[in-house]
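Peer 1: Construct the entire structure; sequences and hints are all you get.
2 protein chains.
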Amino acid sequence: MIDIDPASVAHDYIEAVRQEVAAMSDPIRVVGMIASDDAPSLAYARATRQRFADVGIEYDLQEVERLTLEESIMAANADPDIHGIFIYFPVFNNQQDSYLRNLVDYRKDIEAGSMYWVQKLYANDRFAIAGDSSRKALLPCTPLAIIKMLTALGVYAEDVERPVAGKTVTIFNRSEVNGRPLAVMMSNDGANVYSFDINGPLRFENAKPFETRITRQEALAESDIVITGVPSKSFERIRCDEIKPNTVCVNFSSHPNFEDDITAHTDIYVPKVGPMTVAMCMRNTLRLYRNFHSHHASQ
Amino acid sequence: MIDIDPASVAHDYIEAVRQEVAAMSDPIRVVGMIASDDAPSLAYARATRQRFADVGIEYDLQEVERLTLEESIMAANADPDIHGIFIYFPVFNNQQDSYLRNLVDYRKDIEAGSMYWVQKLYANDRFAIAGDSSRKALLPCTPLAIIKMLTALGVYAEDVERPVAGKTVTIFNRSEVNGRPLAVMMSNDGANVYSFDINGPLRFENAKPFETRITRQEALAESDIVITGVPSKSFERIRCDEIKPNTVCVNFSSHPNFEDDITAHTDIYVPKVGPMTVAMCMRNTLRLYRNFHSHHASQ
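Each protein sequence line maps, in turn, to chains A and B.
The first sequence runs 54 to 352 under the working numbering.
The second sequence runs 54 to 352 under the working numbering.
In short, the hints are calculated from the structure, not lab data.
Given the structure is predicted, the values throughout are model-derived calculations rather than measurements.
It cannot be assumed that every hint is accurate.
Unchecked claim - Which residues of chain A face chain B? A few of them, derived with a C-beta cut under 7 Å, are: (1) LEU120; (2) SER151; (3) PRO262.
Claimed, not checked - Simulated crosslink set (DSS-like; lysine-lysine; CA at most 30 Å straight-line): (4) A:LYS261 - A:LYS325; (5) B:LYS286 - A:LYS173; (6) A:LYS173 - A:LYS286; (7) B:LYS261 - B:LYS189; (8) A:LYS297 - A:LYS261; (9) B:LYS286 - A:LYS286.
Note that the Cβ used here is the ideal one computed from N, Cα and C, for glycine as well.
Peer 2: See the structure below:
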């Protein structure tokens, strides 16, 4: 059993951010906006603020009403002293959340969830501004966190063009924010990816989707890596008898998506990626600052 | 009973488009994209193509696979000989549809459903390009169709700043594409608007949303205008005993949302707005062409 602590993997990334921030002459300022009075969500938001503060990034956590969030986002977009914006979703838990996500100025979009960045991801465009190779594009925090975690685990080969070539991956979650970008990124990195959500399966190869009729059981039996992100108690948790021995298992949902005895069947089980996600958000914040807000960035 | 035929109300708008198109030296070319083999949806798409052709707009209806739609949209965005794009939704029936909607170049977005136009709508910005009063912004086709219908019926006062001042409106549907823009537009036009969806009610006043605990019964009992767009058989159809006499009733859903005897209780009942919506799509197509594609439009 490989003892994998997401917090310790995150540590190196966080240290790198801390050192870069310390070397800067001007402060980086971000706002987090939460429109929820759910206690665990607020606790999570306050913990995030603390982690940002710990590396020297000023993090103003605004607790707002959901109906004023739109206004708050626009005010933060317009404020030159704010360099990054993070929204705690879900807010309305419907299409309006997609509207709000896209309302964030891409130059301040820490999560890289707005169309500007999503289109670059799907187009495999690596630059923040077309033609300027000095400014790198942002990637969404959770998919990036998962890939960095797999890299730390040695599952992703380093310094090769297709680091998961020949591997089969199954991902449960095809949201626009997490599961679909992750499927595109991993298939772009060489994997054959089966993607499941309530609408059924798709297969991704070389960043392109294909129709498939594969079942959950067939996909799991084939997979070297299984990644879950189903925030629902009704999801049938993945059992030992469904996966190959030593399948790499990663859950990024707040709910357990694997049976508790999964570690009897695999050496690599990552039960949560939250700390890595926060580290990637910090990394994105720094990238936004360098790309768009520092003295050296031309707008 | 006012005999209101949406097709006849649409006729004037369509005639105006036909005359403008006839006066043009170059053809206007649009593509419609449908990724569905549902027979009624295909029939609707083919009828739309015919209507566009009837006014002299070249309408290329592309029947595509859902997984190639993304590529088709990008190809149409890049093709200078295409001046407008219309996507038949739903495609995936999840967040991915919002992604596809936003993928359409705003200069070709007939439905005005992408963020560029939605943000202008919510900001009450009337110009397609900031500071250029010669190019008018686009509004989404269905909300616009409803307002033009209410204008034709005399419910909307003409040539006044707040044409529904003092009126109370209830709208069932708060989608990002139809119900929410309609609520914003009508409240901006002076109405007090109650907006219902499965997440509960909101109230809109002067284009701003407010929390409310009003019930369906209370809202209906107060309303001068009731507008429905619930594409579900499980919606409890609106009954005569729920509305005031002569409430203006409009349904834009493909399902009947009012009880069949509703006309016993009101003089103005519009059972569908489809033909007006198509007319508004033509109008938007022309506006896109004038704003962005004609010889006179500077890009």
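Peer 1: Hint by hint, note whether the structure agrees.
Peer 2: Evaluated hints:
At its closest, the beta carbon of LEU120 (chain A) sits 5 Å from a beta carbon of chain B; the interface hint therefore holds under the 7 Å criterion. Evaluation of the SER151 (chain A) hint against chain B yields a held restraint, the C-beta minimum of about 4 Å falling below 7 Å. Given the 7 Å rule on beta carbons, the hint for PRO262 (chain A) holds: about 5 Å separates it from the nearest Cβ of chain B. Of the pairs offered as hints, the one joining LYS261 (chain A) and LYS325 (chain A) holds, with about 27 Å between alpha carbons and a cut-off of 30 Å not exceeded.
At most 30 Å may separate the alpha-carbon atoms for a hinted pair to count; LYS286 (chain B) and LYS173 (chain A) exceed this at roughly 40 Å. For the proposed pair LYS173 (chain A) and LYS286 (chain A), the alpha carbon gap of about 34 Å is over 30 Å, so the pair is violated. For the given pair, LYS261 (chain B) sits about 23 Å from LYS189 (chain B) by alpha-carbon distance, which is consistent with the 30 Å threshold. Straight-line distance between C-alpha atoms of LYS297 (chain A) and LYS261 (chain A) comes to about 26 Å, which keeps the hinted pair within the 30 Å bound.
The hinted pair formed by LYS286 (chain B) and LYS286 (chain A) meets the criterion: a straight-line CA distance of about 28 Å does not exceed 30 Å.
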